[in-house]
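**Student:** Quick mapping for you: the protein sequence lines, in order, are chains Y and C.
Number 727 in the working numbering belongs to position 151 of the first sequence; there are no gaps in the numbering.
Number 427 in the working numbering belongs to position 374 of the second sequence; there are no gaps in the numbering.
The hints are simulated quantities; they were obtained by calculation from the structure and are not laboratory data.
All residues carry an ideal CB built from backbone N, CA and C; glycine is no exception.
Treat the hints with care, as some may be off.
[To be verified] Just a few of them, taken from the derived set where beta-carbon distance is under 8 Å, the chain Y residues facing chain C:
id	residue
1	Lys665
2	Ser913
3	Ala914
4	Val952
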Amino acid sequence: MVVLWTDALIFVLLIGMIVLSVYMLRNPRMTRPLRQIGTSKTGMVSLTVLLFFVAVGLLDSMHFHSKDSNEIVSVLDQWLSPIRLHGEKTYSAPFAAHLFGKELMVLEDGGPVWAYPRLQYGGAHLDDPESELFYDVLMKASFGFIKSAIPAAIVLVLLVQKFRHRQNALISQASAKAVAWTIFWIVTLCATLLELSSYYHVLGTDKVGEDVLYQAIKSIRTGLVIGTLTTLIMLPLAIVFGILAGFFRGWVDDTIQYLYTTLNSIPSVLLIAASILVVQVYMAKNEEQFTSLIVRADMRLLFLCIILGVTSWTGLCRMLRAETLKLREMEYVQAASALGVRRRIILFRHILPNVMHIVLISVVLDFSSLVLAEAVLSYINIGVDPTTHSWGNMINGARLEMAREPVVWWSLTASFLFMFTLVLAANLFADSVRDAFDPRRMG
Amino acid sequence: MNRSPVLEVKNLTVKFGSDNPVVDAIGFEVHAGETFAIVGESGSGKSITALSILRLLPVNASVVADEVNLNGVDLLRKAEYELCKIRGRRVALIFQDPMSSLNPVMTVGEQIAEVLKLHFSMTKKAIRQRVIELLTRVEIPEPEKRAGEYPHQLSGGQRQRVMIAIALAGEPDLLIADEPTTALDVTIQAQILALLKAIQHKTGMALWLISHDLALVSTMADRIAVMQKGKIVETGRSASIFQNPTHPYTRKLLDALPSMDSCLGHKREEKPSLLKIDEFKVYYPIRKGIFKRVVGHVRAVDGVSFEIEHGKTLALVGESGCGKTTLGKSLLNLIPAYSGQVIMDGIALNKLTGEALRRKRADIQIVFQDPFSSMNPRMLVSEIIDEGIRALYPEVDAVDRHARVIDLLERVDLPPDSAHRYPHEFSGGQRQRICIARALAVQPKMIVCDEPTSALDVSVQAQIIELLKDLQKEQGVSYLFITHDLGVVAEIADEVAVMYRGKIVEHGEVEQVLLNPKNAYTRELLAAVPRLQNKDV
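Let the hints inform the model, and build the full structure from the sequences given.
**Tutor:** If you want it as structure tokens, here you go:
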């Protein structure tokens, strides 16, 4: 068992989330908003998708020393071993049996020939890929689908039957059905992809012959880490400074404003580059602490999160300050001070809940822009470690691939698809959460 | 009147989605040269009627009518581009809020010229001349200079005059005025109404007035339609409606109107003094430069002295910007005073700080004007009401607190199950009751009521006044009642103080101030108040 820094933080975050959910489920006041989320089909489906991504991320956050190679691998790596280890020489298209580029080969009779060589693993079981490939893919896909669909369907139907007549359930019948369908499709899709992946490269391979599907799946963890840990660092700074500046005005406001204008006036890329370089120098000087590649990469990821968090709180802070300035003049805040309510209680009871919608929306929007920021930073080589799988690195690599003729499109498409699904699910879920917790929107 | 009407509406129904109709099968006519008024409380559908005729409603509204006929043109059968030529040209609209209906980044002259360019082909010079002419007609002084100014440089009354000038620019046959003076002070209101009358007299256009104010309508309109819940319940000539209203709703509205005469027969009794302020001043500093040096002061409250007795009501009357709200808030220490003392039971409240001040806050409470922004939308009514108890009497346990909340709700005539609902589920009047309950929760000796009834309909207003009077009788609480509405003052006050530019210009018993004013400003204020014409003589 190896616990990396980001692993530990992710699990701390997970425990926090579980505690929060238990608190919310126990609190009778929360029943109404929770039930409203439960009746929103979009909300529940996107939550299911989101949870699936989180589950993948968590599986990828449990590391241990592999028995055979003494490498540090995650549980997910172990499960995806067939895809992980089936590397080719270089580019190959999705479902291809041949490499993407022609190579000089030596025929049996010793004569050279300029042709597409067969892949080492992809479609290697076929004798004549030309005629058999399509039929074989269809067969394998249907087999994978049926193999998983039947047990999945039975389990889901049983579950739905069992809970069908439960009164006072938080989830409505309609959204329970939608969730069941979503789970069904996710499970069968995964099974089909797994089945196909042991024979083919479903999303092709990249420049060094690594399976693109594997890369995209591995990138989920990086995306989640950057999105959540950065937010975790940024939120307290933004909320505390923003609300204090707006509520107390005067010198508190002046100090905080000077702080964030100063921070804003330094080009953030420069700041990030400088900090990353400092970390690299530190790691080079203390090599004995960073024995393996993965530990180094993880350290760099963590510092990237911290630096992004420290530089990105200013935008939200400004918005919260402005909103608080508006709220502090609201009559209910004045009524509360006339009632002798202490100022810190006013902050918690009247100001904080009424700025939460801004926090929620900007956190979700930031989540997607952080994943993108990671891509931009990787471009100038100050993002995550080049050995870390991330959508940013994939997109960065696609720069050269797009310039090729014919175009190598699958890396970009794969990272785009995964990123899109994650960000969309997060956005839709945040929408229904915001609607549910705003009493004015109650229908 | 045998001329054909300017506007003829038959069987008009407006619905939003599949809900109940907001306007329900109404019909009326507006004739040239006459003033037609639709009166009703908020939500009765009067503004929707006006907007639906010009097809200015949001897309989810469905408008159905047998006929909407403007000078022989059926408006509902016109294409959108044809309607654009009618809006502003044949029919013009004036809205309630002159600030938000003018574009803040365009000069006043440009905004009037915009209408002229749209509807007439005129040379630049002619437009310029016409703009000056229009500004002169709405009686704006120095029209040449004003045409080049921006809306924020004008006062509220002047902005509304500009709005009227814009409406007149198209030389319309029909002018729709939707609550044209609700956002203005009474003296300005009187001027604007006189102006509208004069212009109508000169141009002979039809004026369609939409208002909630019966007294105002009675001074202006020739014919009146009373609207309730989307239906017109009564129409007729103004005199006949006010003399013998036939419909019970009209009668209810008329009865609910506060009357100046209700202060007659007010009994004077001596009570011990509760609160006293002497030469009280609240100045806002004007800061300039990078070091924010104080270069001067805005004298919001400039040396005010008065005394409030136990269980009595002092009404503080004045127009907007005279400093009455500032004074009210600084009595509660919400705005720091510049000099002077607030002495309650021998303790100078505004000299207290920290914990001592917090403890003393129970004695004096406030009820605000806007019942929508005065409660935290994310808190339950029970939490809103017991907030003060939790803050000032932490020793009271949850069970007692809850019992107290239920008791308070009963006292303000709300059902006990209101405790577990959110403020947005209540109407304006009910919300105001919750605010009163919140203030009462800490057992104050005095409540500052800052225009508590101005955002409410007349019938609801009468109920809230009644409630406040009952509570005073039961609990002996004193009120400082801040208002601009002299009718309400007559209903509730024992004494009246008239405030003008931060100073009190007249102070006395309610009867003396309202019926026999000594100060010139008080007299002007009283003269401007629209009074019901021909009410049972």
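**Student:** Could you run down the list of hints and mark each one as holding or not?
**Tutor:** These are the hints, each one checked on the structure:
Look at Lys665(Y): its Cβ only gets to about 60 Å from chain C, farther than 8 Å, so that hint breaks. Nearest Cβ of chain C to the Cβ of Ser913(Y): about 6 Å, under the 8 Å cut. The hint holds. Here the hint on Ala914(Y) is kept, as its CB sits about 5 Å from the closest CB of chain C, short of 8 Å. For Val952(Y), the suggested interface contact is broken, since its CB lies about 36 Å from the closest CB of chain C, more than 8 Å.
Comparing the model with each earlier hint shows violations of hints 1 and 4; every other hint is respected.
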